[in-house]
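Engineer: Here are the chains, one letter per residue:
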Amino acid sequence: MAKAHVYKRDHINTDEIIPARYLNTDNAAELAQHCMENLDTEFVKKCKPGDCIVAGGDFGCGSSREHAVWALQGAGVGAVIAKSFARIFYRNCINCGFYPIELENATEKINNSDEIEIDYEKGVIKNKTQKKEIKFKPLPDFAIAIINDGGLLEHIGKKK
Amino acid sequence: MPMTITEKILAAAAGKNEVEPGDIIDVKIDCIMCHDVTAPAAISMLKEKGIDKVFDPEKIVVTPDHFQPAKDIKSAELHKRLDSWAREKKIRYYYPLGKAGVCHALLPEQGHIRPGDCIVGGDSHTCTYGAFAAFSTGIGSTDLAAAIATGKLWFRVPASIKFVLNGKLPKGVYSKDVILAVIAKIGTDGALYKAMEFTGPALGEMSMEARMTITNMAIEAGAKSGIIGFDEIAKKYLDEHLKERKQYKVYQSDADAKYEQTIEIDCSKLEPVVALPHLPSNGKSISDCAGIKIDQSYIGSCTNGRIEDLRIAASILKGRKVAIRTIIVPATPFIWKQAMDEGLFGIFYDAGCVISAPTCGACLGGFMGILAEGEKCVSTTNRNFVGRMGHPKSEVYLASPAAAAASAVEGKLADPRKYM
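Line order of the protein sequences matches chains Y and H. Numbering of the first sequence is given in our numbering, commencing with residue 108 and proceeding in unit increments. Numbering of the second sequence is given in our numbering, commencing with residue 6 and proceeding in unit increments.
Just chain Y, same shape as in the assembly (with noise of 0.2 Å):
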């Protein structure tokens, strides 16, 4: 079961997720260390593996780097919950197989520390804090399909 790990705030950007100054590297397991250091440099210990972000507007604004996706995808994180996603980190995280949620309001519907639990094809979140279900929009099938496959480019050797 997953928990929440809430940040109630908009245009957390990349440069929170994985700062510049550990991009020398591209090795996940590195730049897990350092995941979202320069917002909450408790989130490594806290996150245990498969736990989500949930997060305001504009999540992953800024840099292009993949580096911010595999940092979340080193440090556990199953999947990041927000009310919308900045546009190169959104398609970053289909291609690397990591599921971005959008969710209105999200960081009202979920609390910090709720389990919850996700069906990413039907649209559905299980707050079991809560007690109550969310529904959001399913990503389409054919980012559902990349995602499935373990990413953009393993997608493209299976057509293949």
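Honestly, the hints are just simulated from the structure, not real lab data. You may find that some hints are simply not true.
Stated by the list, open to error - With a straight-line Cα cutoff of 27 Å, these simulated DSSO-like cross-link-like pairs (lysine-lysine) come out:
id, chain 1, residue 1, chain 2, residue 2
1, Y, Lys266, H, Lys157
2, H, Lys398, Y, Lys153
3, Y, Lys115, H, Lys289
4, Y, Lys153, Y, Lys216
5, H, Lys54, Y, Lys266
Since the structure of chain Y is already known, use the hints to place chain H on it.
Structural biologist: What follows is chain H alone, placed relative to chain Y:
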């Protein structure tokens, strides 16, 4: 069907007669920009998947810039991977150290950007090239790998927002102030997923260098791309910079093309703008923020590290002394030499500035001017997020080269107009 310039370029690149916003299309790529942070990962992905092919070694431009000259062992390893790949794949336009420069200043300068082209780069500020009436957007490493291997990428056709830049810029107000004012107006997600199309008479008095500052920051409003129509000023620049394949296709927006929104800006009413920490949309007029004590001034980057920017800074620093650490970063070797030949280096030296090699350097908190806890930097760069240029408790104030130079002289945020 009437179309915007962006829709026309994308339609042509997808081999279609027409497209409309929301369409998902497969697009042929004319130019791919690769640098030292995102490209090495793309190369490794391709190797891992056993994809050895480069779709066209003449359509890929490679330059290390973020951490070059290598700042530490790890970045040296990134450069080594980039270098050996570029040589192995016989990438024709590879700019190693000595020729390398900040990518978005280097590619237009070296004649790689053409109107009507569809350009991608592993860097969010790839939107810069839209100043040349091209479609250009930033991508991550996986997309970069796919583009390198296949020469194609899928895109959703963006809706366009039109920005009409009216009036004449007052003295001391520059294109940087215009784009900071635009972002302050619409917010850092005000153009999310959109194409920002800039038109209007104020552009007629801006050089290509000045225009690139505007399209460079389209991403800071969340946009997919920024674009400016072709005109005589663009033609003159291209005549001087294109070395080969001098023909290109010019697209113009139809008069009745559909825009999601039209926003008019009266440039004649603008003052110098400073974006306060920690968002590029926190723009304030200089008169509302002058006097804030500053520890460092940084003049460079893909936003404002071109020759015109250095000339503007030098015109203020001439015969004056800086009160704080001031770092000048010419964006490319050619700009570096131009600045030296024009005597700007002497002015910077006499004023007490230091001049760096071309690099992205401290703009993204890499090296060559990192901030300590609690320090404040006025910077001609494009982002002022938390920790962008160093310690998470440092602050970045985005401004024009003129405002950064004036602030360097006073040691606090200063109005450049009093030095003109």
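Engineer: Now tell me, hint by hint, if it's right for this structure.
Structural biologist: Hints versus structure:
{"no.": "1", "hint": "Y:Lys266 / H:Lys157", "result": "holds (16 Å)"}
{"no.": "2", "hint": "H:Lys398 / Y:Lys153", "result": "holds (22 Å)"}
{"no.": "3", "hint": "Y:Lys115 / H:Lys289", "result": "holds (25 Å)"}
{"no.": "4", "hint": "Y:Lys153 / Y:Lys216", "result": "holds (21 Å)"}
{"no.": "5", "hint": "H:Lys54 / Y:Lys266", "result": "holds (14 Å)"}
Hint compliance for this structure: no hint is broken.
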